[in-house]
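Residue numbers (our numbering), protein chains in the order written: chain A, 2 to 272; chain B, 2 to 272.
Incorrect hints may appear among the rest.
One copy or two, it doesn't matter: identical chains are merged, so the pair holds either way.
Pairs of lysine-lysine residues, derived as DSBU-like cross-links and limited to a Cα-Cα distance of at most 30 Å, are as follows [as the list claims (entries may be wrong)]:
{"hint": "1", "residue 1": "Lys12", "residue 2": "Lys226"}
{"hint": "2", "residue 1": "Lys226", "residue 2": "Lys78"}
{"hint": "3", "residue 1": "Lys78", "residue 2": "Lys210"}
{"hint": "4", "residue 1": "Lys12", "residue 2": "Lys210"}
{"hint": "5", "residue 1": "Lys6", "residue 2": "Lys178"}
{"hint": "6", "residue 1": "Lys6", "residue 2": "Lys210"}
{"hint": "7", "residue 1": "Lys226", "residue 2": "Lys6"}
{"hint": "8", "residue 1": "Lys12", "residue 2": "Lys178"}
{"hint": "9", "residue 1": "Lys210", "residue 2": "Lys178"}
{"hint": "10", "residue 1": "Lys178", "residue 2": "Lys226"}
The hints are simulated quantities; they were obtained by calculation from the structure and are not laboratory data.
Protein chains: 2
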Amino acid sequence: MHENKYCFVSKAHDPRFLTLRSLQTPQGRFRTGLYLIEGIRHVARAVENQAPLQSLFLDPSRLSNPYGRRLARRLRKSGVPGIHLSPHLYRQLTLAEEPQGIGAVVSQNWVSLTDVCPSQTSFSLAVESIDSPGNLGTIIRTAEATGVNGVFMIGQNADPWEPATVRASMGSLFSQKLIRCSAHEFAEWARSFGVLIVGSSPTGLLDYKALHWRWPSALMIGSEKQGLSETLIEASDFMVRLPMMGRGDSINAAVAAGVLLYDMFNQRRGA
Amino acid sequence: MHENKYCFVSKAHDPRFLTLRSLQTPQGRFRTGLYLIEGIRHVARAVENQAPLQSLFLDPSRLSNPYGRRLARRLRKSGVPGIHLSPHLYRQLTLAEEPQGIGAVVSQNWVSLTDVCPSQTSFSLAVESIDSPGNLGTIIRTAEATGVNGVFMIGQNADPWEPATVRASMGSLFSQKLIRCSAHEFAEWARSFGVLIVGSSPTGLLDYKALHWRWPSALMIGSEKQGLSETLIEASDFMVRLPMMGRGDSINAAVAAGVLLYDMFNQRRGA
């Protein structure tokens, strides 16, 4: 029972706590290649998907759920290093309204563009400069549900490891291939493999229901404010729009992505 | 030019500011029947939809957009009372990252259940105990885009006037009939008018693509955590599910609502 015992950390200037805190900033994540997850569901899904867990942080006073306690014990026994935090310090490491007392540091898992070779049935998603971390995480969650094979993160600040993104993705991050590249590199990649490129825009020429998907293909979703860049619009085979009633001129980007992903998924499953 | 001049308020204990601040709380909104909106787009859409504007609050130092300035001037000249706030006080009245310098107090506009009589083609939405204000606002935004004729807010704490909901709805609140009632009252209403009742759940028996909508009908969306109540599940004609791949067991509630609303909309427009 006493192998690999976890230290207790309660001081805000303890370097072990400061290292964890730094992962809440873009700089900290970029410098280390690590990110934070929190909650039983997230840690369990990371383990299930063999995500590279570096260490655990626990607040035993909050970890009352029996499954969560067993999970923490199993990870400790399997050799994952970790620390215990005071409730006050633990609270600062999560956006959750009700923190669950178990969190982990995970290595970012980027796949290189040159390692991505689409199969004849594969379907990819490209997201460019999504402004809202919550929208980005929600889109990645829907991507998993609809059988997407890889998510291209396009743009300078693409950071799927932002705490609000990780949270909204509900564990889908661990099962997705994530590729970071420029708009130009993505367009080149798609062209070289004969991938059908479909972009979404409120001013797209084609009603999305008139599109016949073929595979391999890729759906591109742009920034909430600016939409897709000229480079990606020029690279597209089709620009589709969601028709709209009422006086609004757009719908939420994560909802639009969801409607389009389900349309693709329905055509693929013949529904 | 000097008719109806607006006072300048810069003290945090000024009662005019405190009244505005109180509308950020559920109690303040409930007590007064009012709520806050902020931003040029929101105020413009409120005017367009003849929403009952009670007063304006402005921060002239932020209101640089010419269209926004004209809008403020026009409202002042038409007799809408208002105040100017210091940047510091104005900042406290909005969730926006970049406040736009124009906001308003609006009367909540509930429609009574007894005044709602569905036509042969009408389509309603019922939302029950949605936990996330952002999700609720996003759902109302998609409802407008897909031609929904009325939104039933079911549950004790139904509050579409919460600042994050108002913000996410992007002005769609003003154009929707909003009805507050209990699950039982909603079920009675739907039954008495022969409305087809469709509920959504990850464990629904019917794949949503197998559903043939007929009108009048109503889609019911439940809480992210608990789903729909027993009362509404029993009242439903069909419980539909969105099929899912991967290891996730659900998708975001606003995305699920969006996929189902667009499916209904597509059947109605014959796409």
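Hint-by-hint comparison with the structure:
Proximity of Lys12 and Lys226 under a CA criterion of 30 Å is satisfied in neither setting, with 42 Å inside one chain copy and 35 Å between copies. In this homomeric assembly, Lys226 and Lys78 never come within 30 Å of each other (Cα to Cα): the closest approach is 48 Å inside a single copy and 32 Å across copies. In the homo-oligomer, the alpha carbons of Lys78 and Lys210 never lie at most 30 Å apart, since the shortest distance is 53 Å inside one protomer and 47 Å across protomers. Proximity of Lys12 to Lys210 under the C-alpha cut-off of 30 Å is found in neither arrangement, the shortest distances being 57 Å within a copy and 55 Å between copies.
Within a single copy, Lys6 and Lys178 get their C-alpha atoms no closer than 34 Å, and across copies no closer than 59 Å, so neither meets the 30 Å cut-off. Taking CA atoms no more than 30 Å apart as the test, Lys6 paired with Lys210 passes in neither setting, with 58 Å inside one copy and 53 Å between copies. In the homo-oligomer, the alpha carbons of Lys226 and Lys6 never lie at most 30 Å apart, since the shortest distance is 49 Å inside one protomer and 35 Å across protomers. In this assembly of identical chains, Lys12 and Lys178 lie within 30 Å of each other by CA distance neither inside one copy nor across copies; the values are 38 Å within and 53 Å between.
In this assembly of identical chains, Lys210 and Lys178 lie within 30 Å of each other by CA distance both inside one copy and across copies; the values are 28 Å within and 28 Å between. With identical chains, the CA atoms of Lys178 and Lys226 are at most 30 Å apart both within one copy (26 Å) and between copies (28 Å).
When the structure is compared with the earlier hints, violations turn up for hints 1, 2, 3, 4, 5, 6, 7, 8 and for no others.
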